[in-house]
Amino acid sequence: MAGHSVVGKSIIRLDALDKVTGKAKYCEDLKLPGMLYGKVLRSPYPHAHITSIDTSRAENISGVRAVITGRDVPEKRYGPSVFDQHTLARRVVRYVGDPVAAVAADSVEVAERALGLLKVEYEKLPAIFDIEEAWEKNPPVIVHRDLPKYELGKFPPLRLVPDRPNVCHLRMLRHGDVERGFKEADLIVENKFTTTRIQHCPFEPHGSIAQAESDGSLTIWAGRQSIFLARQYLCKLFDLLPSQVRVIASHYIGGGFGSKVTLYTEPIGVMLSMKTGRPVKLTFSREEMFSSGGTRIPFVIRIRDGVKKDGTLVARDMEMLLGMGAYAGSGPLITRNCIYGAVATYRIPNAKIDAYAVYTNEPPVTSFRGFGSSQVLWAIESQMDVIAEELGLDAVELRRKNLLEEGDTNITGEIVHSIGIRECLDKVAESLEGSPKSKMEGGPWRRGKGLALGNKYSMAPTAAVAIVKVKGDGTIEVHESADEIGQGCHTVLAQIAAEEFGVSVDEVKMVWGDTAFTPYFSRGSTSQRTTFNVGNAIRLACQDAKRQIFEIAAEKVHAQIQDMDIKDGAIYVRSDPSQRISVTELFTSERALSPGEFGDYVEPSAEILGKGVWVTRPAPSDPETAQIPENVARMGGRLAGFFGYGVQGVEVLVNIETGEVKVEKVVAASDVGYPLNPKMCEQQIEGGVAMGIGSALWEEVALDKGKVVNPNFGNYKIVTSINMPKIENVKVFLVSAPHKEGPYGAKGTGETQMTPTAPAVANAIYNAVGVRIKDLPITRERVFRVLREKAGG
Amino acid sequence: MGPFEYFEPETVEITLSLLRKYSDTAKVCAGGTDLVVRMRKRALNPQFLICIAGIRELDYLGFEDERGLRIGCLTTIRTIERSPELKERYPMLSEVATRFGSIAIRNVATIGGNLCNALPSADMAPMLIALSAKAKLVSIDGERIVPLQDFFTGPGKTVLRADELLVEVQVPTPPPHTSGVYQKYTTRGGEELAVVGVAAVVTRGSRNESCTDVRIVLGTVVPAPMRAEKAEAILKGKIVDDEIVEKASDIAADESRPRDSIRGSADYRREMVRVLTRDALRQAFERTQSAR
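Quick note, the sequences are listed as chains A and B, same order.
If you read the first sequence in this note's numbering, its first letter stands for residue 19, the second for the next number, and so on.
If you read the second sequence in this note's numbering, its first letter stands for residue 1113, the second for the next number, and so on.
Just chain A, with the same shape it has in the complex:
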């Protein structure tokens, strides 16, 4: 965009040097004097009563400082939405990996040895694993018998379903008249799709250090997403005031992808610290990440679409079951939000969606890049290709025909704004057209191509506060509470502050998050909300700081405030730039300053402190239908902060003898509103594609009667560089449909990028060998079996 000097440029990330030299500090690098190490004993059974726990042998080991069990923890349950979880199981365990006891010791080794000496007796209970069976009206096992008596959180408001006792939330959308729509349809297509559990696999496992202070307050150093959400949860669990809980971001965080929003290590660490009075570090092993660190939520999706012969969608009916595992965690919020994946892309006159959050005795799930949209789009974008095939239409044309446009009304009644998906589709379709036409490749290999559309909202409500402090040496210090989880938020936010002050990013200093000092950011760096919300708050704070600077400067150079501007550390009069004063000259000191020294304060306002708050509020919608009232929509009422869009096309090779699939080429286009740092947007896309390919072809947390059987990278297969197409075969396009409220038009972009990948791969496989895989992941063996079935073998 014209006129910008820092934003819109691919400047080198601020953390690049720290990270490539190994100097970057993570939670695991922190050590406090007297610090103990915690370890957790976990349930070996998916559902059982704890009948006794003998801690005596463990307590007697030298170096063991505390052993705690369910008897020591608050009677109160906690959770983000349903308060269904004890810090340690008090009487019942509900999944293999449920925390039962914990030890704090002088070393990890001693703590682990102590775990081995804890004697727990269980009485096994029947367990339930199948999502559809658990969802039934008379399920053989009820995971939480007391669910109707549990305290429920306010976000989202929950709807229990009394005759489905394992359901803790039902989300409904009703738009138009879906039955009438099906009557008008020339063709009705119905399919069932499923997705599986996958783990985020961040480099750094969950970890925190907890210190129970002598005055009853808590200090937590945490490698997590959202320090304020942690504060909120801990206040609730331990009956403390916000000012009594201090959560400090442990500088860099080794990847989040949604996994680090939930409390995993903090409450147990707090209990161990309360008992010992010493700081306690609790870090998950990789095995614990797989068994108890949260996974993506598995979906069972029935989708029924009505279409006209020409491809016009007239009705869509979706029923989705979300398998939350044993504790709800983010499950109900994902259930509420996942329907947005079905809202954002297509014009559908009649729609009905029911999404159920279902308990089972499998490990709890959590937020995962895409927050439900990836799973919903797996079904929708596979289904669009099925429809095109049945109607004999081109899959791209079918999509083009039904795309929402700026100003259209979507199936929640929202009026669409900032939608760049058509341009994304054009770019990807055109780029794929150049591919070889022949499907025969050598020997058993067949070539195919396919594409899919993706979208991801950014959740509202969100509030972000920023404080910008201008220092005597001219440095712009930015205080905000976004989490640097590897996405590079500090770089982009520094670019915004630099742009506002007309300086380079070298003059900007970003401050690490600390709830005692940095200002509020409601749910932290989740839901691709940082750039949009914190970015806007920083702009406002910068404007506030500049106003203060102009006030002081105007007086000194005898000019009008409204005539002043600032660049490269100097305030000047626009009409006469020779009338100027440097920012450093606004500062003074009580002592005599030598040349090269800077002032320490300003008089009379003491400091130049700009403040800004940005709040994104959702429009009210009907809880029975998810519809936004028409008058509210007309006034600009919105479902979410914004929608990011992406389209991806892939070319695959499929081996008809073994089922092996190779992704040979990827074309990805994404509407990012406005790329504040184009290179980093491209990297988000490439990362999303990689994660998407992994989720499409290999990734699955495999369970046997509720127990994870592949809790390691030997048997849980993430994508590796060898599996990615060659870099020259990954083509990325950035598309800009500016958002009227985005900073410089920008929208967030981290989550969108994974949403279209898996269905694009499935569509390409169909194109290559004519088999439709409806369940993730598309393993070699699965492809082999379906090919064999098709051949009648």
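FYI, nobody ran anything at the bench for these hints, they're computed from the structure.
Here the structure is a predicted model, which means the values were calculated and not measured.
Among the hints, a few may not be true.
Unchecked claim - Distance ranges between label pairs, derived from CB positions:
id : chain 1 : residue 1 : chain 2 : residue 2 : range
1  : B       : I1257     : A       : G81       : 43 to 53 Å
2  : A       : Y44       : B       : D1354     : 19 to 29 Å
3  : A       : K142      : B       : F1116     : 18 to 28 Å
4  : B       : S1322     : A       : G40       : 56 to 66 Å
5  : B       : A1216     : A       : G81       : 31 to 41 Å
6  : B       : R1369     : A       : M458      : 34 to 44 Å
7  : A       : S80       : B       : A1274     : 31 to 41 Å
Every residue gets a Cβ at the ideal spot worked out from N, C-alpha and C, and that includes glycine.
Start from chain A and add chain B according to the hints.
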């Protein structure tokens, strides 16, 4: 990891006396890439750990025209992969090494460790057996030479006694017009354990197209690396064409004994034995055309 006492002997002699003393309460550690992982999982809890990595005299590749190739037990897989002389004389062995783990693992993992851990999925074993390799085992009492074909007795099990050390692998010089191919199948591609491994070594007659000798060795899909002898039998002495290769592959698949596992069902793995054996045989025959 449980507690253990740690030794770093400087000579083979000291190692052997430690082994005699501690017997099956001790474990020998070379590269440690399998052992340490199993110790951390507590699948192995030795009371004594004897790390021989410092005995550099056990790290060598030697070539003798008569006796063939000698590989010291501490030779890393990376050394085997990169030796120009090995690539020239035993290209099939260097090729196996390229399929082994990742470069980081190959830099540390040793030939002796790979064989003594005796995982059914160990990559080096099938090709070495196909090349009629032997292992030299020593103890305080002396040495013995065991054909690798008889070395493995089951998953994680070998004929190696608790007081013995495998010090050398001996590989005879292959006859003229001999080629070998290792086919490895995994679930993802990249740094992985084999789901199916098949080594085929073929010798062609000097003047005709018939197969004078053939070895087919299966890995992973059997409790211990095993020759598919019935499949070998129908190929021996025959003119090789697609039909007979298909037939031999069918027989090899029948000879395999895969189990259902997280890496693949037994049925699927048996099917993959068929495909991999076929490809290994075809490629090996093709290569005999240019082999010296």
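Consistency of the hints with the structure:
At about 50 Å, the CB distance of I1257 (chain B) to G81 (chain A) agrees with the hint of 43 to 53 Å. For Y44 (chain A) and D1354 (chain B), the Cβ-Cβ distance of about 57 Å falls outside the hinted range of 19 to 29 Å, so the restraint is violated. At about 35 Å, the CB distance of K142 (chain A) to F1116 (chain B) disagrees with the hint of 18 to 28 Å. At roughly 60 Å, the beta-carbon separation of S1322 (chain B) and G40 (chain A) lies within the given 56 to 66 Å, and the hint holds.
A beta carbon spacing of about 34 Å between A1216 (chain B) and G81 (chain A) agrees with the range 31 to 41 Å that was offered as a hint. Look at R1369 (chain B) against M458 (chain A): about 36 Å separates their beta carbons, and that is inside 34 to 44 Å. A C-beta distance of roughly 33 Å is found between S80 (chain A) and A1274 (chain B), which places it inside the suggested range of 31 to 41 Å.
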